[in-house]
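2 protein chains.
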Amino acid sequence: MEDFKVLEQKLQEIIAAIQPLDKAAMEKARARVDLLTKPLGSLGRMEDLAVQLAGIHGDLFPVDTAKRVVVMAADHGVTEEGISAYPSEVTAQMVANFTAGGAAINVLGRQGKVEIEVVDMGVKVDTGLPGVKKIRIKSGTDNFRRQAAMTRSEALQALLAGFECAEEAAAAGIKVLATGEMGIGNTTASSALMAALTGYDVSLVVGRGTGLDDQKLRHKQQVVEEALAMHNINEGKVDPFAALCKVGGLEIAALAGLIIGAAAKRIPVVIDGFISSTAALVAVKICPEAFSYLIPSHISAESGHALLMDYLNLKPYINMGMRLGEGTGAVLAMHLVEAAARVTNEMATFEDAGVSNKEEEPSLFEPKGER
Amino acid sequence: MEDFKVLEQKLQEIIAAIQPLDKAAMEKARARVDLLTKPLGSLGRMEDLAVQLAGIHGDLFPVDTAKRVVVMAADHGVTEEGISAYPSEVTAQMVANFTAGGAAINVLGRQGKVEIEVVDMGVKVDTGLPGVKKIRIKSGTDNFRRQAAMTRSEALQALLAGFECAEEAAAAGIKVLATGEMGIGNTTASSALMAALTGYDVSLVVGRGTGLDDQKLRHKQQVVEEALAMHNINEGKVDPFAALCKVGGLEIAALAGLIIGAAAKRIPVVIDGFISSTAALVAVKICPEAFSYLIPSHISAESGHALLMDYLNLKPYINMGMRLGEGTGAVLAMHLVEAAARVTNEMATFEDAGVSNKEEEPSLFEPKGER
Chain A
1 MEDFKVLEQK LQEIIAAIQP LDKAAMEKAR ARVDLLTKPL GSLGRMEDLA VQLAGIHGDL
61 FPVDTAKRVV VMAADHGVTE EGISAYPSEV TAQMVANFTA GGAAINVLGR QGKVEIEVVD
121 MGVKVDTGLP GVKKIRIKSG TDNFRRQAAM TRSEALQALL AGFECAEEAA AAGIKVLATG
181 EMGIGNTTAS SALMAALTGY DVSLVVGRGT GLDDQKLRHK QQVVEEALAM HNINEGKVDP
241 FAALCKVGGL EIAALAGLII GAAAKRIPVV IDGFISSTAA LVAVKICPEA FSYLIPSHIS
301 AESGHALLMD YLNLKPYINM GMRLGEGTGA VLAMHLVEAA ARVTNEMATF EDAGVSNKEE
361 EPSLFEPKGE R
Chain B
1001 MEDFKVLEQK LQEIIAAIQP LDKAAMEKAR ARVDLLTKPL GSLGRMEDLA VQLAGIHGDL
1061 FPVDTAKRVV VMAADHGVTE EGISAYPSEV TAQMVANFTA GGAAINVLGR QGKVEIEVVD
1121 MGVKVDTGLP GVKKIRIKSG TDNFRRQAAM TRSEALQALL AGFECAEEAA AAGIKVLATG
1181 EMGIGNTTAS SALMAALTGY DVSLVVGRGT GLDDQKLRHK QQVVEEALAM HNINEGKVDP
1241 FAALCKVGGL EIAALAGLII GAAAKRIPVV IDGFISSTAA LVAVKICPEA FSYLIPSHIS
1301 AESGHALLMD YLNLKPYINM GMRLGEGTGA VLAMHLVEAA ARVTNEMATF EDAGVSNKEE
1361 EPSLFEPKGE R
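If you read the protein sequences in the order shown, they are chains A and B.
Residues in the first sequence are numbered from 1 upward in steps of one, following this note's numbering.
Residues in the second sequence are numbered from 1001 upward in steps of one, following this note's numbering.
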């Protein structure tokens, strides 16, 4: 195991090397989009997405690119407090379901031709399944209602493991990444992190997760409030890495690392729902330059997500009231990313198609003196 | 040409034969969805969509089905009033672009494996292009600021032509339809129709279309107001067919017919943006049973569309600020329709996957006496 200082320096170097988007490529994409056979601006935010993709890629974004969703799985000690509708065992069972191809993310991944990488960041029990990338920093976090979820070294290792997943994806030719996760208890950790890093009231950021009733929802809020007070991170202005260690999760840390890694490798990264967005929050608090590489996907039904999207200044494209996680919303939104790339590359220009452009050729039918 | 009375009776028979959704199939789909390896209800409106699809189809909706967008094209005499940023010629030019494969709808259709049928319902000039289905009720509507846009016979023929497109699609094995359109001036006709049929104020339903400036927007509002007053359809409670004749369009009538035809043939029909939604409004005013067969797609940036979706009680799935028409939003949303079918058919159940279901197997970790 590398020394903490060495790892910390490595992360600092990664962050320092991240570049802003390529302005020339963005201008080129905007100019191209404006020549296409459609009214100016009529593809709305799909045009802005095409321009962002060009800025990330350094040229018009190519079509039919290789895409991957990285599903980070881990368990949470705080499940001891009875904050989830499902037992911790479900994390490992769902990891097995991912490898067998039966989960929602598998179905949507097959539909969208998106590779699925399942990473065991710290599931309670080692599934030993061959289709799982085994990192296993530890067998789930500690119960953050009683102690820090992770040591600083563990959190840093998890971040860097996520970064390495982005590096490997880049080496494998992946051109679009998406974030996914599985971890019973992780809406509790995400709510605690969001409250600590945004200063929003716990009542606004704690939701029903996989399906709590009213009584259990109140209990979950109380657990989060007590944890924030115990760790002294309920007063706003909190160091993001410290908050991650205290109330975060191994998969959340890994996703934050994946996002930073995507920015470092100039790969757009599509952010799924509430847990993934909390990881994005951690990533941009640690590394503000990563923001430009984020692509929103859907608005989750988990309460807190809409507020978090507003806080991050991200406007989701899809609203289906989903709250499943796994990366399902992000994989659906990859269809829109591909669409943005395709219209930019494949649509005819006014000149190609011989279509009149209002700027160049005023209407024959406009009665000139009427108004 | 058939006699008006005969055509009218034909339409009445079609409407009378439309059946409600199949409740048994919907219950079967809901039961299936509830057994899948995900928290109950966690796929949100995708689950409701899967249930609706089953109710339309009469069984679980199949995967990888043949899909078609029908792009109805026509011109509008009201362009004489200077209400569009583009000349009427662009309608025919874009029809040519559709047949050449260079328009946005072509790109998105190729991406989503959606067939594109282009129908000339009444473009000003006959393009004579082989890839275009030629109906051509007439060479564009008359200027509805001066007279009725269509005769009752013309509007009825257009409706029935749309119905026949749905019949042909059903015969060709198409399982999902989408509405698309092209017609310079058709946001003006749609706004007038929407105001007439909903009673909303003209200022709320007239938007910038393909890109009007403030002055031209005010002029467009004035043209619509004057037309509604002249035709005496500005007092709420208006016969929908009469309003369609007076201020509608050939492509709007055809889309209303396509929607009614989809319901008659039990095919789900995905509704694009403002013009398509106005056609849906006409369809459900004429034939309320058609409502259950509608699937919303995106929320258009054209002002009036959000209000129209609320009026129709449809909640769009995609928000990209698009306002292009052609069926582009509907074709994007077909990916979500396919996703709903796939998760229902392909996800593992709790039993298949050996995953704990909270109902059956309470958490080992829930401290029983704590709360």
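Just so you know, the hints here were simulated from the structure itself, not pulled from any lab data.
Everything numeric in this text was worked out from a predicted model, so none of it was measured.
Heads up, a few of these hints could be off.
From the structure, some residues in chain B lie toward chain A, with a derived Cβ separation under 10 Å [unchecked claim]: (1) Val1006; (2) Leu1007; (3) Gln1009; (4) Glu1047; (5) Leu1060; (6) Gly1354.
For glycine and all other residues, C-beta sits at the position ideal for the given N, C-alpha and C.
Evaluated hints:
1. Val1006: With a minimum Cβ separation of about 36 Å from chain A (threshold 10 Å), the hint on Val1006 of chain B is violated.
2. Leu1007: violated, 32 Å
3. Gln1009: violated, 38 Å
4. Glu1047: holds, 9 Å
5. Leu1060: violated, 14 Å
6. Gly1354: Since chain A brings a Cβ to about 6 Å from Gly1354 of chain B, closer than 10 Å, the hint holds.
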